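**Q** Listed below, chain by chain, are the residues.
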Amino acid sequence: MRIRKASLLFFLGPALLVVALFYIIPLFLSVYISFTPMVDWNVNRYLTQFIGLQNYERLFHIVMYDPDMRAVVITTVVFVLVTLIINVFGGLLLALATYFMDEKMSATYQGLWLLPRMTPIAVYSLLWYYFFHSSGIGILNSILLKLHLIDHPIALGLDPKYLPWGAWFIIIFVNGLVGVSYGMIIFYSAFKSIPKELIIAARVDGASTTRIIKHILLPLTKWHFTFVTVWQMFSLLMTYAQTFLLVEWRVVDSTWGQTWALYVFRTAFTTTKDQGLAAAASTFLSIIGIVLGIVALKALGYEKMILEPKGDI
Amino acid sequence: MMPETTDVETINRRRMNLALGIVVLIASIPILVTYFILMASSFANQMITGSMVGQLTFTLRNWILFFEGKLTVASAAVYSAWDILRYILNTFIVAFGVMLVTTALATMAGYACSRMKFKGRKFLIQLLILLHAFPGVSLIIAVYALYIFSKEPIPSQWWTLYAFIYVIVARAALEIPMDIWIMKGFFDKVPWEVEWSALIDGASRIKVWKDIILPLVKPGIAAVAIFSFIAGWGALIYVLVFLPPTEKTLATYIAGLLAGGSLEVVHLPVVAAAGTLYLLPTLVFFSFVRRYMLQTSLSGIKG
Numbered sequence: 002m003r004i005r006k007a008s009l010l011f012f013l014g015p016a017l018l019v020v021a022l023f024y025i026i027p028l029f030l031s032v033y034i035s036f037t038p039m040v041d042w043n044v045n046r047y048l049t050q051f052i053g054l055q056n057y058e059r060l061f062h063i064v065m066y067d068p069d070m071r072a073v074v075i076t077t078v079v080f081v082l083v084t085l086i087i088n089v090f091g092g093l094l095l096a097l098a099t100y101f102m103d104e105k106m107s108a109t110y111q112g113l114w115l116l117p118r119m120t121p122i123a124v125y126s127l128l129w130y131y132f133f134h135s136s137g138i139g140i141l142n143s144i145l146l147k148l149h150l151i152d153h154p155i156a157l158g159l160d161p162k163y164l165p166w167g168a169w170f171i172i173i174f175v176n177g178l179v180g181v182s183y184g185m186i187i188f189y190s191a192f193k194s195i196p197k198e199l200i201i202a203a204r205v206d207g208a209s210t211t212r213i214i215k216h217i218l219l220p221l222t223k224w225h226f227t228f229v230t231v232w233q234m235f236s237l238l239m240t241y242a243q244t245f246l247l248v249e250w251r252v253v254d255s256t257w258g259q260t261w262a263l264y265v266f267r268t269a270f271t272t273t274k275d276q277g278l279a280a281a282a283s284t285f286l287s288i289i290g291i292v293l294g295i296v297a298l299k300a301l302g303y304e305k306m307i308l309e310p311k312g313d314i
Numbered sequence: 094m095m096p097e098t099t100d101v102e103t104i105n106r107r108r109m110n111l112a113l114g115i116v117v118l119i120a121s122i123p124i125l126v127t128y129f130i131l132m133a134s135s136f137a138n139q140m141i142t143g144s145m146v147g148q149l150t151f152t153l154r155n156w157i158l159f160f161e162g163k164l165t166v167a168s169a170a171v172y173s174a175w176d177i178l179r180y181i182l183n184t185f186i187v188a189f190g191v192m193l194v195t196t197a198l199a200t201m202a203g204y205a206c207s208r209m210k211f212k213g214r215k216f217l218i219q220l221l222i223l224l225h226a227f228p229g230v231s232l233i234i235a236v237y238a239l240y241i242f243s244k245e246p247i248p249s250q251w252w253t254l255y256a257f258i259y260v261i262v263a264r265a266a267l268e269i270p271m272d273i274w275i276m277k278g279f280f281d282k283v284p285w286e287v288e289w290s291a292l293i294d295g296a297s298r299i300k301v302w303k304d305i306i307l308p309l310v311k312p313g314i315a316a317v318a319i320f321s322f323i324a325g326w327g328a329l330i331y332v333l334v335f336l337p338p339t340e341k342t343l344a345t346y347i348a349g350l351l352a353g354g355s356l357e358v359v360h361l362p363v364v365a366a367a368g369t370l371y372l373l374p375t376l377v378f379f380s381f382v383r384r385y386m387l388q389t390s391l392s393g394i395k396g
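Top to bottom, those sequences are chains A and B. Each step along the first sequence adds one to the number in our numbering, with nothing skipped, and position 311 is 312. Each step along the second sequence adds one to the number in our numbering, with nothing skipped, and position 260 is 353.
Only chain A is shown next, with the shape it has when bound in the complex (with noise of 0.2 angstroms):
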């Protein structure tokens, strides 16, 4: 017995090490930080004291107030639902076309379509700065301009003429093209699991290509398209990384541009540096992400696909 679970420690001590360390004290510390004024990372003088809900307050008091804080919010709302629809859908597409092609071309596009996932952030941002930028060598402008749709290049990004549009248009579409791959590799690795035979025999009985896929491909896998949609809603709540660049490279509105995750990582990094407010921020994705956590897990029935150890001595 004793060997036993010295050999447990062995496989899972570090593991259980790391997640302690960078997961569960961190969630716990940073809701105490959310009761302290901390400023500037200045541990030892804030970290002591305690200040109650104040953070929580005043971040109510400028969601209420203050225009900006109200773009991110709105931001955050139309930045979610819009890029989960084209992620789900857009996925679905790519899985089904790349389904219905032979199989050497359906590798090389899922290659391409992953791509953007893969790509350094910076260099992935770099890309898009070159696209989107606001004089005449930007990509998209000089398209434009060719194309005698505008005389001058334009800032979509930046130029109040076009905001909020502009600057949400950018940021969906960047990320959009990183979160399609998911939902196309979930759903085509789906479709292939079910047995070819019964897209033969529909075939076989004259069934056209829509019906194959209204009737069996789609039906089939209706526990991935829920999968795929609770897990993209998660993290475009969360995610930050891609667009954080765009802000401070100028590319877009650094107010319409910002959600509430990158306003939490800007707020307690690079702006006001006030980690007591980010953290208060902060706490309202970990309820979410917790939350829609537990409440997939048992949706989807993960605990019912965990296989028991078959023999363990």
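Simulated from the structure, these hints should not be mistaken for lab results. It is possible that some hints are incorrect.
In silico lysine-lysine, DSSO-like type, Cα no more than 30 angstroms apart, as pairs [stated by the list, open to error]:
| hint | chain 1 | residue 1 | chain 2 | residue 2 |
| --- | --- | --- | --- | --- |
| 1 | B | K244 | A | K299 |
| 2 | A | K193 | A | K105 |
| 3 | B | K244 | A | K274 |
| 4 | A | K193 | B | K311 |
| 5 | B | K244 | B | K300 |
Computed from a prediction, not measured in an experiment: that's the story for all the values here.
Model the placement of chain B on the given structure of chain A, informed by the hints.
**A** This is chain B only, laid out in the frame that chain A set:
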């Protein structure tokens, strides 16, 4: 674009393939165009889009300027050639570190989750899914506070080393939950009989794992290693937050060049050269693991 009524006899596979190929190609234009322009501009005298075709010439000057640490033709070097090499080395150190930590921990914990009975196993496995989805942004404030706290007792000449270690483990921590799942999926596929025969012969669990099971999950280890290398190589936020400003990686170097959106001080094709160099290892490694992507995502969702 898909034929309305066709059966197995009359369906024209080739035509459907062609139609789908063209549609997806059109949808892929933004990806193809942006990547192409970045890479091609690093070999041109100016950004490809802003100029007439006749004015473009092929040149290696951008690459030379980049390695000399210069940002424009006219300006003096802002960085030295040594700085640039060091930034590349730093990027590599972080990527390699993240790879080592992630692969080691995921291989060990994945085995335990797949093969060992212990209290709270189901809870742990579900917790890992939750953690993978858990917002990095609501943790990073506290993770940074812990960092400041923990580095205080350390003598200041060790701080840079400590920053590297911390950034590696902290960044690896983001990858570990998912990679434990992936490794668990690979261990699940190894037949139990292999393990039983060895255990009955009296070998210890760790020895069986190391000598018998690990060689059987080599593809899984390779996939996790490469995925985590790519993740560490591309890391931006954690590097920016934890490493001192003098210790840049390619990510923070590029991020700094364009900060504030100013174009006066940098020649964009030089930044394109930096971006292309930064992108190349990712492209190479990604081409190795592309085929694992489907496998791993599947075993990642299904236990």
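**Q** State for each hint whether it applies.
**A** Going through the hints against the structure:
1. A C-alpha spacing of about 41 angstroms is found between K244(B) and K299(A), which places the hinted pair above 30 angstroms, so the restraint is violated.
2. For a cut-off of 30 angstroms, the pair hint linking K193(A) to K105(A) stands: about 15 angstroms separates their Cα positions.
3. For a cut-off of 30 angstroms, the pair hint linking K244(B) to K274(A) stands: about 20 angstroms separates their Cα positions.
4. Distance hint between K193(A) and K311(B) is fulfilled; the C-alpha atoms sit about 24 angstroms from each other, no more than 30 angstroms.
5. The hinted pair formed by K244(B) and K300(B) fails the criterion: a straight-line CA distance of about 37 angstroms is larger than 30 angstroms.
The structure fails hints 1 and 5 (numbered hints given earlier, in ascending order).
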